[in-house]
Amino acid sequence: MRHHRPSAPASLTLPARRFSTFQIVWSVLFILTFLGSYRLAQVRPLLFLEPEGRRNIWRFVTGMFPPDLSWSFLSLLGRPIIETIQLSLMGTFMAAAIGFPLGLLATYSLTFAGILNEREMAGAWRGTLLRKGGYLLARALLSLFRTIPEFVWAFMFVRAVGLGPFPGVLAIGISYGGMLGKVYSEILDHVNPGPLEALQATGASRPAIFLYGLLPQALPNLVSYTLYRWECAIRASAILGFVGAGGIGQQLEISMRMFDFHQVLTLVMILFVMVAGVDALSAKIRSAIIGRSNV
Amino acid sequence: MTEHSPQMSGPAGSHGRDRLSVRNLMILAGLLALFAWSYVGTEFSLRQLLGGESAVQILTYICKLFPPDLSTEFLLNTGYWTIETFAISFLGTILAILIAGSLVFFSSRNLMFTGLLFEMEQRRPWVRALRTVLYLVAKAILNLLRTVPHLIWALILVFAVGLGPFPGMLALGIHTGGVLGRLFGEVMENVETQPIEALQATGAGRVQILFYGILPQVLPECLAYTLYRWEVNIREAVILGYVGAGGLGQQIQIAISLFLEHRLLTLILAIYLIVTVVDALSAYLRTRIV
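Chains A and B supply the protein sequences, listed in that same order. Under numbering that gives the first Met the number 0, read the first sequence as residues 0 to 294, first letter to last. Under numbering that gives the first Met the number 0, read the second sequence as residues 0 to 289, first letter to last.
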């Protein structure tokens, strides 16, 4: 950015600015990481110029057209498509069910800091310890749930409870529960404390403050983020089928294994339509929710 | 945000509230219907999960994971695979920047044919048509790259260039290139117009306006988006290993298929470590940049 400074009249020029230590250190690190990674990842761009690689790609691309639109194949797909949608829905429901309670525990303005707690926290060190413990435990669980990719969760659940959509739901529920919980707690931490203080001044109990002060403020954002996650869940559940967790991915894997690229193209097209449709639907609902809350 | 909303300040029986609750009831009913539909369709069973056979199976599996395999040889190998996963995500993100960077200028409407930069240019409609076509082509390419999932790209590329981390890095780069291209495009179409107007008034050419008026505005935000996608990519790099694209994912597949549960736990801990490190690094860099 700084290299493209327009030349200014002499009286206005600043003393020539050196690069800061931050920039130098990170540039060197970047270059070293790049060179190291380049070696490690066995990058061979020339492979694309060799006849064999080109022939393979060409075979794949030309092999895909035309897409397989025969009725015998399409009629197989109704069930997996519906299953994919159900899987993403159920996974998102379960994620919300996991994320909401853990998210509440992981919100520090609810568990141990801020106006809701200042009276109770004064002096009661044992209670404080308990609450901080709950907070830390919830944070640790959420971080464990979301750092393991849903694909790996699905893999393990398939091993544990067998094939089918059930392990897929568990995988999406757990990993998205971790993400939702974290974002829920961030949203709840950033609500406007004014209404909460007003409610407390009227002598409202803690559940009442939560229901009438906190939730109405946070709800539009909570719902909107959950919908966004549902979009991601559709994509994810299409892929989870690769490890045997049901849905359209399973069909994709079978077609891929049998090198039937016509079917692969059909499936990718269906996936495209589904993802685009869900994106549009969810964007519409979200703008309706956020728009209504701003009135 | 909703401090003054009627639900909170109005009396309980007000007219507006009644209408709203009918609507809310309908939304609730719809949600319940969706829930029931997907509950049945996915063979989900809460009873199974909380106390039945599935719960036992899951607990047995968790017990089998412990203790993690901490033999020196395996730890060294895991370290190597972890770095390999890191390298895939790192190079994939750089490739994505290259792809997005080379397409984004063509896919931004305000750089190609409309807005401030082009309001004086009325004479040559065919140039304008050519620019519009270029714009549409760039948009279409970005859409294609983005909507095909990275796992499919990986399958195609493994088929084309063989097993190993190289196809994984390419797949990540291609998919993320589409995503970043779209995000960069949005940033670029929403730049402040005042600096551009000022530059135009001094008689600066379009290329100069691009370098001095637009790029300095968009670079920090584009970098922040790139770092954010890098966080996503480190997770996806793990997944790609499943189709033979190297790194931790491939080892996880081997460990699960061969029932090597102790090793699986070590690998999961390694994923946890590398993802947390990348998240922290990216968050740190983002606060420094923006």
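By construction, these hints were calculated from the structure, which means they are not laboratory data. Check before you lean on any hint, since a few could be wrong.
Claimed, not checked - Calculated pairs, DMTMM-like style, for lysine to aspartate or glutamate (alpha carbon to alpha carbon, straight line, at most 20 Å):
id: 1; chain 1: B; residue 1: K138; chain 2: B; residue 2: E188
id: 2; chain 1: A; residue 1: K283; chain 2: B; residue 2: E185
id: 3; chain 1: B; residue 1: K138; chain 2: A; residue 2: D278
id: 4; chain 1: A; residue 1: K181; chain 2: A; residue 2: D259
id: 5; chain 1: A; residue 1: K283; chain 2: A; residue 2: E230
id: 6; chain 1: A; residue 1: K181; chain 2: B; residue 2: E188
id: 7; chain 1: A; residue 1: K131; chain 2: A; residue 2: E49
id: 8; chain 1: A; residue 1: K181; chain 2: B; residue 2: E185
id: 9; chain 1: B; residue 1: K63; chain 2: B; residue 2: E260
id: 10; chain 1: A; residue 1: K131; chain 2: A; residue 2: D67
id: 11; chain 1: B; residue 1: K138; chain 2: B; residue 2: E72
id: 12; chain 1: B; residue 1: K63; chain 2: B; residue 2: E52
To be verified - Covered by chain B, per the in silico footprint, the following chain A stretches (three or more residues, Cβ under 8 Å):
id: 13; region: 143-152
id: 14; region: 276-287
Given the structure is predicted, the values throughout are model-derived calculations rather than measurements. Just so it is clear, CB atoms sit at the ideal spot from N, CA and C, and this is done for glycine as well.
K283 of chain A and E185 of chain B: Cα distance at most 20 Å?
-> Given pair K283 of chain A, E185 of chain B holds - Cα atoms ~19 Å apart, limit 20 Å.
Hey, K181 of chain A versus E188 of chain B, does the alpha-carbon distance stay inside 20 Å?
-> 31 Å, violated
Below or equal to 20 Å on CA atoms is what counts here, so check K131 of chain A against E49 of chain A.
-> Judged against 20 Å, a Cα distance of about 61 Å means the pair is violated.
The region 276-287 of chain A covered by chain B? Criterion: 3 or more residues, Cβ-Cβ distance below 8 Å.
-> violated (count 0)
Would the pair K63 of chain B and E260 of chain B pass a check requiring their Cα atoms to be no farther apart than 20 Å?
-> Holds - the C-alpha atoms of E260 of chain B and K63 of chain B are around 6 Å apart, at most 20 Å.
For the pair supplied as a hint, K131 of chain A and D67 of chain A, is the alpha-carbon distance within the 20 Å limit?
-> Not satisfied, since the Cα-Cα distance of roughly 58 Å exceeds 20 Å.
Are K283 of chain A and E230 of chain A close enough, with their CA atoms no more than 20 Å apart?
-> The given pair, whose Cα atoms are some 12 Å apart, holds under the 20 Å limit.
Cβ contact check, 8 Å cutoff: the region 143-152 of chain A against chain B, three residues minimum = Since three or more residues must qualify, the claim that chain B covers the region 143-152 of chain A holds, with 6 doing so at under 8 Å.
Are K181 of chain A and E185 of chain B close enough, with their CA atoms no more than 20 Å apart?
-> 27 Å, violated
Proposed proximity, E52 of chain B with K63 of chain B (alpha carbon, max 20 Å) | 16 Å, holds
Decide if the proposed pair is consistent with the structure: K138 of chain B and E72 of chain B, CA atoms, cutoff 20 Å inclusive.
-> The given pair, whose Cα atoms are some 49 Å apart, is violated under the 20 Å limit.
Starting from K138 of chain B, check that the Cα of D278 of chain A is at most 20 Å away, please.
-> The given pair, whose Cα atoms are some 17 Å apart, holds under the 20 Å limit.
Checked against the numbered hints given earlier, this structure breaks hints 4, 6, 7, 8, 10, 11 and 14; the rest are met.
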